[in-house]
Structures are given as C-alpha cells and as structure tokens.
Amino acid sequence: MLSRTADNLFWMSRYVERAESIARILHAASRMAAVPIAEDTDSNEWQSALAAAACDQAFAATGQEATAENVFEYLAFSEDNPSSVRNCLRMARTNARAVRTALTTDTWEAINSAWLELHRYRTDDVSPSGLNRFIAWVKETSLRVDGAAYRTMLRHDAYWFSRLGVYLERADNTARILDVKYHVLLPPSVHVGGGLDFFQWSTILRSVSALTAYHWVYRDKLQPWLIADLLILREEMPRSLASCYANLTMFLDELARDYGRQGESQRHARRICAQLRNARTDDIFQGGLHEFLTEFITENNRLGALIADQYLI
Amino acid sequence: MRIQVRHDTVYAYATPPKYVIQKLRLSPRSHEGQHVRRWRIEVDKDCRLIETADAFGNVVHSFTLHDHFEALTISVEGEVETEETAGVVRGAVERLPLALYLRETDLTEPNEAIADYARKFRRDDSERLAGLHDMLADLHAHIRYDTGRTDSGTTASDAFELGHGVCQDFAHIFIAAARSLAIPARYVGGYLVQSNGTVSSDAGHAWAEAHVPDLGWVGFDPSNGVCVTEGYVRVAIGLDYLGAAPVRGAQAGGQTESLAVNVHTADMAVQQ
Chain A
1 MLSRTADNLF WMSRYVERAE SIARILHAAS RMAAVPIAED TDSNEWQSAL AAAACDQAFA
61 ATGQEATAEN VFEYLAFSED NPSSVRNCLR MARTNARAVR TALTTDTWEA INSAWLELHR
121 YRTDDVSPSG LNRFIAWVKE TSLRVDGAAY RTMLRHDAYW FSRLGVYLER ADNTARILDV
181 KYHVLLPPSV HVGGGLDFFQ WSTILRSVSA LTAYHWVYRD KLQPWLIADL LILREEMPRS
241 LASCYANLTM FLDELARDYG RQGESQRHAR RICAQLRNAR TDDIFQGGLH EFLTEFITEN
301 NRLGALIADQ YLI
Chain B
1 MRIQVRHDTV YAYATPPKYV IQKLRLSPRS HEGQHVRRWR IEVDKDCRLI ETADAFGNVV
61 HSFTLHDHFE ALTISVEGEV ETEETAGVVR GAVERLPLAL YLRETDLTEP NEAIADYARK
121 FRRDDSERLA GLHDMLADLH AHIRYDTGRT DSGTTASDAF ELGHGVCQDF AHIFIAAARS
181 LAIPARYVGG YLVQSNGTVS SDAGHAWAEA HVPDLGWVGF DPSNGVCVTE GYVRVAIGLD
241 YLGAAPVRGA QAGGQTESLA VNVHTADMAV QQ
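Protein sequences, first through last, are from chains A and B.
Numbering-wise (the working numbering), the first sequence opens with residue 1 and increments by one.
Numbering-wise (the working numbering), the second sequence opens with residue 1 and increments by one.
The shape of chain A in the complex, shown without the other chains (with noise of 0.2 Å):
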C-alpha cells in the first residue's frame, strides 16, 4: 500500500473519532452548565471545555468570550478552528475521498452524508435542545462510519490503518479529559467530594459513556481514584488508555505480521501497553496523576509519530 493511502486512511477515522471527542466534550460542558451549583463558583465549565479539546489558547487568540454561544461556535463550527467538527468532518471527507476505491461504500458514503448533512445544522442555535441535537448527530455519523467499517471492510492493511487513527485518537482524548477533570475543572475554593465534584465526575464519566460501566465494574460511590482506574487501566472499559493501547498493540502486530517486518512503532506501542498492564492505581496517584497523564499524553504523540515515520510518509 501507497504511504500515501494509508496516510489518508489513519487521518480519515482519526478526525471522525476527533469530532466524536469534540461533541462529547460540548455534552458535558453543558450538562455542567445546566448545574445550578455551578453558579455560586467561578468556575467557567465552556472553558473547560476548551481545555479538554485543547483549544483553550487558539480560543483565547481570538479575543472572544468563553460563553456558550462562542465556545460552541468554535468547537463545532468555527472554520478558523483546525480541531472544530466541522472541520474535522471536512477533513475526514477530504482524506476519504483520496482513497476512495481503498474504502467500501458503506464506509464512503457514511463519511460523505455526514458531510453534506451538516449543513442542515445551524450555528446560531444554542438552545439545549439544538446542541443535543446536533450533538446526537455527530455521535451517530462516527457509530455509521466505524460500523460500516467494521461490518464491510477487507481485514487487510486498509483497515488496520484506519483503526490505528481512531485508537491513538482515542487514547489522548481519554487522556486529556481525565487531566482536565484534575486540574481544571474543580475550583480551588469546592472541597473534593463535595457536591460539585461528584457532578462533575459523573459528568466525565457519561461524556465517555462509562457511568453504567462503572456502577458494574465497582458496585460503589463515585471515587476519583476508582475512576481513574476505570478509565486508564481496565482494559474491559472500551475508552480507557488500556483498552487503546491493547488494540493499538493488536493492530500494529497485524501490520508486522502482514508486511513481515516491524519496527519502532510496534516496541513503542508495545512498551506502553505493557506499562499500563504492570501498572497500579496506587502507584499512579503517588506519582502524581496529572503527570502520568502528561507524560502518557507525550508518549501518545510519540507513537503517532513513530506510525507516521514508519508507515504514512
């Protein structure tokens, strides 16, 4: 396969699985803004969001307002915003339709709709229900457009290229949300385990869909360090870092075992997933949580550029 192809195909499913991140992130924040509790603090949930799709110092470039109408003007419209859906649909659509014939025609044409459909979406529309709107719909597009690739896809290099971007995506996504959770969002002047910070927490939680999860998985209240571990080490948790990386090991070894040679990207992936499989919550948390995910975030950059050196250029 042409570096090229494989190029395109790893940046088509990687900004579907970006937009996906996006309308997740917008989810929450406005969940979190819809929380009265949220008023008595100055905590600014939209700009959290921003932090967590880390666009916070593009946005803060513009001169505009975090308000809600600005900040999901940007995530989700803006063009001037390389990471905003729109863009990353744009995206998706332009690296899909340069492999086209690499791709089925569930695959193209789940890509193409959603493109054109996103024009029906109004930009002016802020309303709960045109944001949930809309947000339901990206969600969608990245369900058709990964289970039509899933369902219809040659197990063959095309595809292990395609789930190489949306793991890696994925991973920094969780990665990033968990961060911002940490650092960002809780206010210094809200005690941990107070109210709003189990707000949020379940907050961050639905934004990965892992709320249900997690009342199966521990049978317990909401603790930061059981969610931690949910979400970076159980790798029956489809989101977490563990998961990702267990896949992303999979799918590298596919394409060793197909091209009958391997190289850096798979030790990388490989060193990761066996860290995160050794790993324990206690030692991550005296470590210091947001530097575990600094550095996994780091790492995370690292293999995309070890796949990109190695296979996309």
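It is worth saying that the hints were derived from the structure and are not from the lab.
Wrong hints could be hidden among the right ones.
Claimed, not checked - Facing chain A, a subset of chain B residues (Cβ under 10 Å, in silico): (1) Ser30; (2) Glu32; (3) Gln34; (4) Val36; (5) Gly57; (6) Gly78; (7) Glu81.
Glycine included, each C-beta is placed from N, C-alpha and C at the ideal position.
Since the structure of chain A is provided, determine the placement of chain B on it from the hints.
Quick look at chain B alone, frame taken from chain A:
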C-alpha cells in the same frame, strides 16, 4: 524473536484422587523486551480457572477438582515477541523492596563452600556487574550440566558439592552465592529457544536475576554461561524454585502414577 511455546503437563493416576488443587504460574507478563501476543491455558477437565497475582506480581491461576478421573492435562499455548535487551529487565512488575531478595530459603541457603567460592567474586558496587559475569562464567565452567542426578528438592549446597545439576541447580547456586555477597538475587522460571531454532524438552528453563546498581535486574543463565538473550521468555520469579514453580498442587486420596511434562518452544522465524 517471535517465540511459540507449547507446554503440556500430564498427570496419570493409578488410583483416582478425591480432590485436587493446583496452582499454576504459567502466564508470562509483558515488559520491555517481552510482549505476550497471545497466551492460553487449558485444563482438560471442567473447572474454574481463577486468576490472581502473587506478592511478586506473578500471574497465578488456580483450580480445584472434585471428580474422579484417571488423568489430568494442563496445556499452555502461546506466542511471545521478544527483543534483545542484553539481559536487563525493565518495566516489569516490581512489588517488593530489594532487601527481600537477600532472604535465604531452604533451597538457596549457602554453605561454607558456596560462601567461600562467592568471596572470589566480591567487587565494589561499581564493579558488581563484572563480578557477576566472572562468577557466571566460572560456574558454567566448573559445574557439569547433568540431568537425572538431582531432583527438584536438591539444595544449592548439595548441588554445589556434587558438582553437577540441571538449570534449576545452577540457578540456585548462583542465587545462593550472590546473596552471600549481599547482592539481591532471584529465581526465574520460563522458556528458552536456543539459536538452532526448535527445542523440545521435558522441562522449561530456569535462570537467575541479580540486581546491579544503575541497571536494575539483570538475567544470568549459569547453565548456559550467558546473560539472558532474546531467546528467553520470562514467566515467573521467586526466591527459589518453589516460589516460581510452574505447576504446584496437592491432592487428597488417590495415587499419582506418573507426571509427564513436555515443553516445545520454537523461533517462528526459523520455522517459516
């Protein structure tokens, strides 16, 4: 190196036991230089395999059987990807303080002879690695590899006196000698593929790890006189053989007629 492992343990009973309990340390974990691609344990009777981890971080499976049966087979099949790390073990599960690995056990208690022998290799901390290498080469040269003369209960001192043994005895002697020099050391059970590709034997392999400042744990295989290479799959660690034994069990009633172990390891690249 991509290593395929198949390991069967077959018990045949002259008279069926009433009750059997087994503890298996048969699952390798991933760490730097070792990646477990797939691994499966199969017991040929209906039972529940309960997975836990012991204090050393080894994966332990246990099961119990109540039925009457004449034979029991425990099979392990898996594939591990390894890389050359010059024997250095990084990123493995380390749950216990180093000082614990100085503790003597019945099997690794050094007698005067071993302590005397070890003293020849005493070096400063900065030279510790060189000292261990010297001891590795010396042990390999002076102890004969010989199956059938020792058994799983042979102590380090006995084997050292006899002057021959199997990989387990080599490891025990090495560990006993290292600990007598206050160097933390431990026993490692696992598998080995030699450079000629395929190996079938009636047992897995065993070697030792010693702690070296700045490097961490380093694997030494005294029965082959080398540091651990990419041909080694590291499965379980312990203070001695008993702590890392692949299969340990107990039974009530009945009589064991025979116990057969068959290990097959292969370098898949050579095989293809």
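Do the hints match the structure? See the list:
A least Cβ separation of about 4 Å between Ser30 (chain B) and chain A falls short of the 10 Å threshold, and the interface hint therefore holds. The closest approach between the C-beta of Glu32 (chain B) and any C-beta of chain A is roughly 6 Å, which is under the 10 Å cut-off, so the hint is satisfied. Annotation: Gln34 (chain B) was flagged as interfacial toward chain A, and the flag holds, the nearest CB pair being 8 Å apart, inside 10 Å. A distance limit of 10 Å between C-beta atoms decides the matter here; for Val36 (chain B) the minimum to chain A is near 9 Å, and the interface restraint holds.
Hint status for Gly57 (chain B): holds, given a least beta-carbon distance of 8 Å to chain A, under 10 Å. Checking Gly78 (chain B) against chain A by beta carbon gives a least distance of about 14 Å; that is not within 10 Å, so the hint is violated. A hinted interface residue such as Glu81 (chain B) counts as satisfied when its beta carbon comes closer than 10 Å to some beta carbon of chain A; here the least separation is about 7 Å, so the hint holds.
Hint 6 from the earlier list is the only one contradicted by this structure; the remaining hints agree with it.
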